[in-house]
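Asks: Each chain is listed here by its residues.
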Amino acid sequence: MTFPIHLYRFLALLVPVRGFGPHGFPTNSMPVHTPSSEDTRIYECAVLYPSPINQKEENELLKAIDEIFAEAKATVILKDAWGERGLAYKIGGFEEANVLIAYYEMDPSKIKEIDRQLSILKGVLRHLIVKPVKNYDIAPMADRLDQWKEQVRVDRETRVREKEEKKLKQVVDKVKRAAPKKKVVDDKPMPTETVSQGVDKLISDDLNI
Amino acid sequence: MPPPNHNKNRQQKNQNRGDPRQKKCDFCEKDVVYIDYKDYPAMKPFIDYFGNIRARYYSGVCLKHQKMLRLSVERARFLGMLAYRK
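Protein chains in written order, with the working numbering: chain R, 1 to 209; chain D, 1001 to 1086.
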């Protein structure tokens, strides 16, 4: 359901809307994280560099990346090195790559220059700079994927075990059903009075004959 | 011999299948504001075997979250975390 743009313009007077998108819809649905000062903004930078790589080359590359951000007077909030990760497809002939996620607070006007420098930096396979949303939980995510993988493995094993147990139970039930039923023999000893009465009856019948 | 009633079979099939309009957005239920491109477990249920994003008709995701999902999947694909095509 769409409303005329005038309605949004009118609502903008009532609600503090940050701006309007290309189609006239309010763009404050995903507000950005509020930085410490008005001139700076928080950015998330993901860098992919090849693996395996020499320790020396890796250090040089990380140093070069740090220098690029240092030139822009960016302050580091968090650095999360994921380490070696398998890629979904080959990038630059590499099937595995090291992933580095870093959060910086810097002037937005210098992003273009950083983006350009990262794109021409030798040794960087891919890079991505994004603005995290408001109240984004800036925390290391490297272990989260491993935890999830472990959980998936445990779940799968449990499912397989339950399935096997169910199958085994079905087989046991089937065997039980197929086995002939034994006649229930009453092992209770007959009372002596009944036995003696029966014997007497038999003897009397024989004598009558 | 009367001709087979295909329409009847179709009706029966539709009856067995749940009404797609009744599906609820998984993200809306959890009040998701942002889908992270690094969060593979969150995106995985909405991606099929071939690496395509599932249609809203089947997954029941609302338009707002489908757009967020698309953005995060595209970012993850660019960084080699997800495949463009398997």
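Honestly, the hints are just simulated from the structure, not real lab data.
It is possible that part of the hints are untrue.
Calculated cross-link-like contacts (lysine to aspartate or glutamate; reagent style DMTMM-like; alpha-carbon spacing at most 20 Å) [what the hints assert, rightly or not]:
{"id": "1", "chain 1": "R", "residue 1": "K112", "chain 2": "R", "residue 2": "E67"}
{"id": "2", "chain 1": "D", "residue 1": "K1086", "chain 2": "R", "residue 2": "E96"}
{"id": "3", "chain 1": "R", "residue 1": "K79", "chain 2": "D", "residue 2": "D1048"}
{"id": "4", "chain 1": "R", "residue 1": "K149", "chain 2": "D", "residue 2": "D1039"}
{"id": "5", "chain 1": "D", "residue 1": "K1044", "chain 2": "R", "residue 2": "D155"}
{"id": "6", "chain 1": "R", "residue 1": "K149", "chain 2": "D", "residue 2": "D1048"}
{"id": "7", "chain 1": "R", "residue 1": "K90", "chain 2": "D", "residue 2": "E1074"}
{"id": "8", "chain 1": "D", "residue 1": "K1044", "chain 2": "R", "residue 2": "D187"}
{"id": "9", "chain 1": "R", "residue 1": "K134", "chain 2": "D", "residue 2": "D1031"}
{"id": "10", "chain 1": "D", "residue 1": "K1086", "chain 2": "R", "residue 2": "D206"}
Asks: If you check each hint against the structure, which ones fail?
Replies: Hint check: 3, 8 and 10 fail, others pass.
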